[in-house]
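Start counting the sequence shown at 0; every next residue gets the next number (numbering that gives the first Met the number 0).
Careful, some of the hints might be misleading.
With a cut-off of at most 30 Å between alpha-carbon atoms, the simulated BS3-like pairs for lysine-lysine come out as follows [to be verified]:
id, residue 1, residue 2
1, K116, K84
2, K82, K61
3, K100, K116
4, K65, K25
5, K236, K195
6, K239, K309
7, K65, K82
None of these hints come from the bench; they were simulated from the model.
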Amino acid sequence: MCTAGVEKDEISFSCMRFNALKSELKQMQKKARYPIPQCYYFRMIPDHCGVLNEDEVFITTKTSSKFLIAMRFPTYFGNDLVKRKIVSLDTIRRRSNEIPKVLFFEQVKHCIIFSTKGSRSSADIMSGGDYDGDVAWVCFNEHLVDQVRECPPAEKICAPGKNSKQSEVAKSGEEGSLQSIQYARHFKYHQGQLGKLSVTLDDVIDKFGFGSEAKIVGRYLFLQVDHPYDLQVLTKKEAKHILSGSRPHWAGSMWDNDAAKPNFYHSSKALGRIFDHVESRLPATYSGKRSDVIAQYIKNEERNCFYINKLREEMKRAMSIFNKALFDKISACDNISEEIEEFQAWKEEQWDSWHEILFPDSGDYNDCYLRAAVLYEQSLDCAFKNGKEKPYIFAWEVARNYYGQMYVHTRSSPRSRHPTSFSIESQDVLLSRKKLRKRRA
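Starting from the given sequences, assemble the full structure and let the hints guide the process.
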């Protein structure tokens, strides 16, 4: 819609942008994907040339940093996060005299290249061994890079035996289709369980630290990734001990009020501090916490609704005052030609006067069109309730020029929407009254 030239403050477009931003921030908070400066997503490529050493990487983005941290996306294990030394293109040129190897590093774009050296190389660890174009989250932020240290695994986990489903041969026909459906459904359960275990692990580490509880959940999570055919779930005894009690406050939604979080405690761990920092940057509104941009749209929306309701009251009051004055004038007017002409002149004067009152800024066409539409709406509503045509006529006479402009604009732009509920009969009434006024003039 931006490409089509739609204004950002147009009502329907602003609502769409508001909902999109709200959904994005909800997803960001739900999965703890907070934006951090100097962090990017790169496609991972193995160094098939063998130029990089075991602890080195090459990136296509220029940076003054000497080290970076890279994390497989999505990540499940501790070794999915690595800290590596950045090698420049000049260093690559000095190491290798072979033009094809140098060209390989010169021509790649938006990528991070991992070394293939070592007992288990960085490229193998980060890609899972399949090299199918995985993405890595890369960070040059010194505050984060300096905190990452090498850490050996806490314990070795014995892998379970091979599942019988792993030995099944793909079938053909209807049986094959059913087999594919069952596999897809199982994959969905597997992915869902991975997400649950991942959140549970963060929750347990925050509550108990890196103790036996975290090892239990981490073991299930590890087995769920490497052995997707077996769904890994906590036993009832483990779940009762680990999942009982309160949860850290960052596990709740920042869109809810504090009163709606009775079973949460305030965490001072890493995720809790990140949550507090993000939440402190979001201004309070009537319905929770939102970002500056979203709060702006909410305020604009509330302001627009308040303004439209104010216009409705203004238009309704104007019609009421005019109708009362019209009734008094009709009661005092005899059926004499001179008085009828005077009565018509009085109505013309009243309509012109109300036009100036109800449309104070004739240069602001958007505001005038909005006022004309609200007047049209209120006049139809009043005419329907009272069973009289006078309010309807009042709207056409007071805002006739704006209705004409809106009608011409609609006719000249076939793809545009009708700004008010125009009908053919309404246009005929408008044109006939304009002709009548011209003849009287």
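Evaluation of the provided hints:
no. : hint         : result
1   : K116 to K84  : 14 Å, holds
2   : K82 to K61   : 18 Å, holds
3   : K100 to K116 : 16 Å, holds
4   : K65 to K25   : 34 Å, violated
5   : K236 to K195 : 18 Å, holds
6   : K239 to K309 : 57 Å, violated
7   : K65 to K82   : 11 Å, holds
Going down the numbered hints, you'll see the structure goes against 4 and 6, while the others check out.
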